[in-house]
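A.B. asks: Chains H and W, in that order, give the protein sequences. Going by the UniProt record's numbering, the residue at position 201 of the first sequence is 201; the numbering climbs one at a time, nothing skipped. Going by the UniProt record's numbering, the residue at position 183 of the second sequence is 183; the numbering climbs one at a time, nothing skipped.
No lab work stands behind these hints: they were computed from the structure. A virtual CB, placed ideally from N, CA and C, is assigned to each residue, including glycine. Heads up, a few of these hints could be off.
[As the list claims (entries may be wrong)] The calculated SDA-like cross-link candidates involving lysine to any residue, where the alpha carbons are at most 20 Å apart (straight line), are:
(1) LYS157(H) to ASP312(W)
(2) LYS304(W) to GLN171(H)
(3) LYS119(W) to ALA151(W)
(4) LYS157(H) to ASN298(W)
(5) LYS157(H) to HIS291(W)
(6) LYS157(H) to ALA299(W)
(7) LYS304(W) to GLY194(H)
(8) LYS157(H) to ARG303(W)
(9) LYS157(H) to MET311(W)
[Stated by the list, open to error] Each pair of labels, with its calculated beta carbon distance range:
(10) GLY34(H) to GLU114(W): 28 to 34 Å
(11) GLU114(W) to GLN77(H): 46 to 52 Å
(12) ASP104(H) to ILE94(W): 46 to 52 Å
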Amino acid sequence: MAPRPKLAVWKFASCDGCQLSLLDCEDELLAVAGAVEIANFPEASSAVVEGPYDLSLVEGSITTPHDAERILAVRAQSKFLVTIGACATAGGIQALRNFADVKDFIAAVYASPQFIDTLATSTAISAHIPVDYELHGCPINKVHLVEVVSAYLMGRKPAVAAHSVCIECKQRGNVCVMVQGTPCLGPVTHAGCGAICPAYRRGCYGCYGPMETPNMPALTREWRELGADGRDIQRALRSFNAWAEPFRQESAAHDD
Amino acid sequence: MQAFKAETPGFVTDTAGLQCLFDVLADEGYRVVGPTLRDDAIVYGDIDGVTDLPSGWTDRQAPGRYALERRQDNALFGYAVGPHSWKKFLFPPIETLWSAHRGADGAMSVTVPERPADKFAFVGVRSCEIHAMAVQDKVFGEGAYVDAAYAARRSDAFIVAVNCAEPGGTCFCVSMETGPRAAEGFDLALTELIDAGEPMFLVETGSEAGRRILEQVPHAAATAAQAEAAMTVSERAAAQMGRSLDTSGIKELLQSNPEHSRWDDVAARCLSCANCTMVCPTCFCSTVEDHSDLTGQNAERVRKWDSCFTMDFSYIHGGSVRASGSARYRQWMTHKLANWIDQFGTSGCVGCGRCVTWCPVGIDLTEEVAAIRAVPDEGRSR
Ligand code: SF4
Ligand code: SF4
Ligand code: SF4
Ligand code: SF4
Numbered sequence: 001m002a003p004r005p006k007l008a009v010w011k012f013a014s015c016d017g018c019q020l021s022l023l024d025c026e027d028e029l030l031a032v033a034g035a036v037e038i039a040n041f042p043e044a045s046s047a048v049v050e051g052p053y054d055l056s057l058v059e060g061s062i063t064t065p066h067d068a069e070r071i072l073a074v075r076a077q078s079k080f081l082v083t084i085g086a087c088a089t090a091g092g093i094q095a096l097r098n099f100a101d102v103k104d105f106i107a108a109v110y111a112s113p114q115f116i117d118t119l120a121t122s123t124a125i126s127a128h129i130p131v132d133y134e135l136h137g138c139p140i141n142k143v144h145l146v147e148v149v150s151a152y153l154m155g156r157k158p159a160v161a162a163h164s165v166c167i168e169c170k171q172r173g174n175v176c177v178m179v180q181g182t183p184c185l186g187p188v189t190h191a192g193c194g195a196i197c198p199a200y201r202r203g204c205y206g207c208y209g210p211m212e213t214p215n216m217p218a219l220t221r222e223w224r225e226l227g228a229d230g231r232d233i234q235r236a237l238r239s240f241n242a243w244a245e246p247f248r249q250e251s252a253a254h255d256d
Numbered sequence: 001m002q003a004f005k006a007e008t009p010g011f012v013t014d015t016a017g018l019q020c021l022f023d024v025l026a027d028e029g030y031r032v033v034g035p036t037l038r039d040d041a042i043v044y045g046d047i048d049g050v051t052d053l054p055s056g057w058t059d060r061q062a063p064g065r066y067a068l069e070r071r072q073d074n075a076l077f078g079y080a081v082g083p084h085s086w087k088k089f090l091f092p093p094i095e096t097l098w099s100a101h102r103g104a105d106g107a108m109s110v111t112v113p114e115r116p117a118d119k120f121a122f123v124g125v126r127s128c129e130i131h132a133m134a135v136q137d138k139v140f141g142e143g144a145y146v147d148a149a150y151a152a153r154r155s156d157a158f159i160v161a162v163n164c165a166e167p168g169g170t171c172f173c174v175s176m177e178t179g180p181r182a183a184e185g186f187d188l189a190l191t192e193l194i195d196a197g198e199p200m201f202l203v204e205t206g207s208e209a210g211r212r213i214l215e216q217v218p219h220a221a222a223t224a225a226q227a228e229a230a231m232t233v234s235e236r237a238a239a240q241m242g243r244s245l246d247t248s249g250i251k252e253l254l255q256s257n258p259e260h261s262r263w264d265d266v267a268a269r270c271l272s273c274a275n276c277t278m279v280c281p282t283c284f285c286s287t288v289e290d291h292s293d294l295t296g297q298n299a300e301r302v303r304k305w306d307s308c309f310t311m312d313f314s315y316i317h318g319g320s321v322r323a324s325g326s327a328r329y330r331q332w333m334t335h336k337l338a339n340w341i342d343q344f345g346t347s348g349c350v351g352c353g354r355c356v357t358w359c360p361v362g363i364d365l366t367e368e369v370a371a372i373r374a375v376p377d378e379g380r381s382r
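Work out the full structure: start from the sequences and follow the hints.
C.D. replies: Written out as structure tokens, the structure is:
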């Protein structure tokens with residue numbers, strides 16, 4: 001039997017939720033372990049096999065000078081590198097620091113700020129190294145994770161759609177909450193969650209970040225028609241994917 | 001004013017008769033689906049009887065807006081079409097087409113999943129929707145490549161039409177010559193006569209199956225006055241269309257205007273969200289996703305509703321052909337209202353107004369056409 005591809009899972013600034021979705025693949029976990037050699041996954045096992053690795057899954061954003069160095073080493077040891085989750089693909093919720101002065105936060109939070117070595121920004125992995133594939137979501141959908149690994153093993157493109165949440169929303173048979181008066185980010189948000197929030201009568205929170213062709217001004221005009229003000233719009237856009245370019249740019253346009 | 005004349009006086013039945021109709025259909029093995037209240041809307045779902053119908057409710061529809069309202073009476077069908085269409089039953093949004101397995105000896109076996117045995121009875125089908133089914137029949141049921149599952153579901157379906165009394169604010173079936181009165185394509189057609197206080201229904205039969213089912217339901221011969229009242233319902237509805245669309249020369253108008261500035265204008269408003277295509281009862285596009293599993297021994301092909309508003313839809317080697325919002329909206333509207341005529345011999349629009357109501361930003365194709373018609377030579381291709 002041919003040797004199984006070596007899989008590594010790497011963590012940067014993040015909450016661990018995305019890599020946990022790999023452990024959460026209860027039904028598929030044995031199949032994953034059968035298909036790849038889990039060579040480096042500290043969250044699951046302390047046994048570490050040396051690189052290079054065939055497939056690296058990278059969670060988290062870059063927030064420290066040390067991590068900015070470490071990600072270069074990860075890239076150098078990885079043949080195929082996939083970033084997973086909003087932190088790795090967009091900078092995460094911690095990218096809210098990018099809109100303010102990080103020194104103020106440090107002074108407010110830490111008793112001895114001189115020991116804190118951090119960057120002024122939290123940025124996506126793709127801002128530092130070339131990335132082979134980005135899997136969006138906060139957290140990622142574990143079905144997609146299995147799809148990405150299966151696709152990698154077969155040498156095919158993962159079937160993960162980049163269109164709006166609205167398509168999933170309609171496929172699911174939901175009644176559109178936006179047309180009924182609740183502002184929703186679904187039309188500009190990348191599919192992947194299966195339109196969970198609209199199914200429970202809430203507007204979409206944008207967990208999967210910008211869709212492939214987001215028309216931000218057209219959506220926020222309608223939000224205002226529905227009674228949202230600049231603060232509502234800015235807060236909605238500045239969450240897990242705040243630093244994703246279309247969300248960042250549009251949020252800056254609603255400073256009123 | 002559009003005038004209607006009854007072919008035959010028909011029959012009448014009441015709410016108890018309607019309940020009996022549901023029971024007879026269920027006894028005959030039909031899965032009865034029809035309008036029902038869910039999530040502050042009138043959707044299509046499984047119904048057991050008259051009490052599941054949205055009695056005494058109507059809808060207020062406008063571009064990008066939908067709300068339910070109480071009626072003054074307890075009409076059972078006093079609203080227009082809602083967010084769902086019968087398409088979701090005949091052409092399911094997500095369907096596994098086949099799965100494949102590689103055995104230990106390397107031999108491949110392919111399995112086509114068994115079609116669910118559902119035989120649908122659709123209750124409350126509006127005239128525009130009957131026309132929409134006829135359009136999809138041309139796409140899925142005719143020509144060299146027949147979708148066998150669609151064709152089977154369609155030929156099994158029992159259609160109870162309801163003639164509209166209360167067009168929605170975005171309806172324009174009169175312009176498209178698809179309503180509001182159903183002329184054919186049903187097994188039974190009802191017109192609700194509410195003026196008497198309690199709902200009464202004028203019943204017309206449209207097929208042998210319809211006649212056979214009606215025989216099992218208590219009914220009486222309609223009086224001339226009742227038949228007349230039903231025609232008045234349709235005449236009043238025809239005079240109350242929420243919108244209109246001038247279709248004269250529309251194929252030439254749109255096909256000769258690929259460079260019209262209106263395409264950029266609408267693209268500035270359009271989200272490319274695809275809601276219009278999802279809710280449209282004639283839109284038929286789908287994509288297929290091929291999945292292989294972790295073992296590499298199993299694969300499946302899944303068909304999902306797709307839309308000309310996605311980038312993957314027009315992706316060929318090197319990129320998407322319709323990279324701009326203008327190109328995508330132009331494709332949708334020109335196909336729907338013009339190229340469809342070349343392709344299928346009919347417009348792709350039946351005037352149901354869903355794309356107008358359920359567009360989150362209220363883009364109204366009747367207005368977009370009117371804007372192009374106002375400057376008809378501006379965007380001629382050279
Ligand atoms: S509820 Fe939101 S996600 Fe769903 S169709 Fe409406 S706008 Fe799109
Ligand atoms: S294009 Fe719009 S109005 Fe025409 S059939 Fe489709 S959804 Fe209805
Ligand atoms: S478009 Fe015509 S047939 Fe369709 S719901 Fe409206 S009034 Fe009824
Ligand atoms: S016309 Fe409306 S519903 Fe259709 S893609 Fe554009 S914004 Fe979405």
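A.B. asks: Report the numbers of all earlier hints that the structure fails to satisfy, in ascending order.
C.D. replies: Result: no hint breaks.
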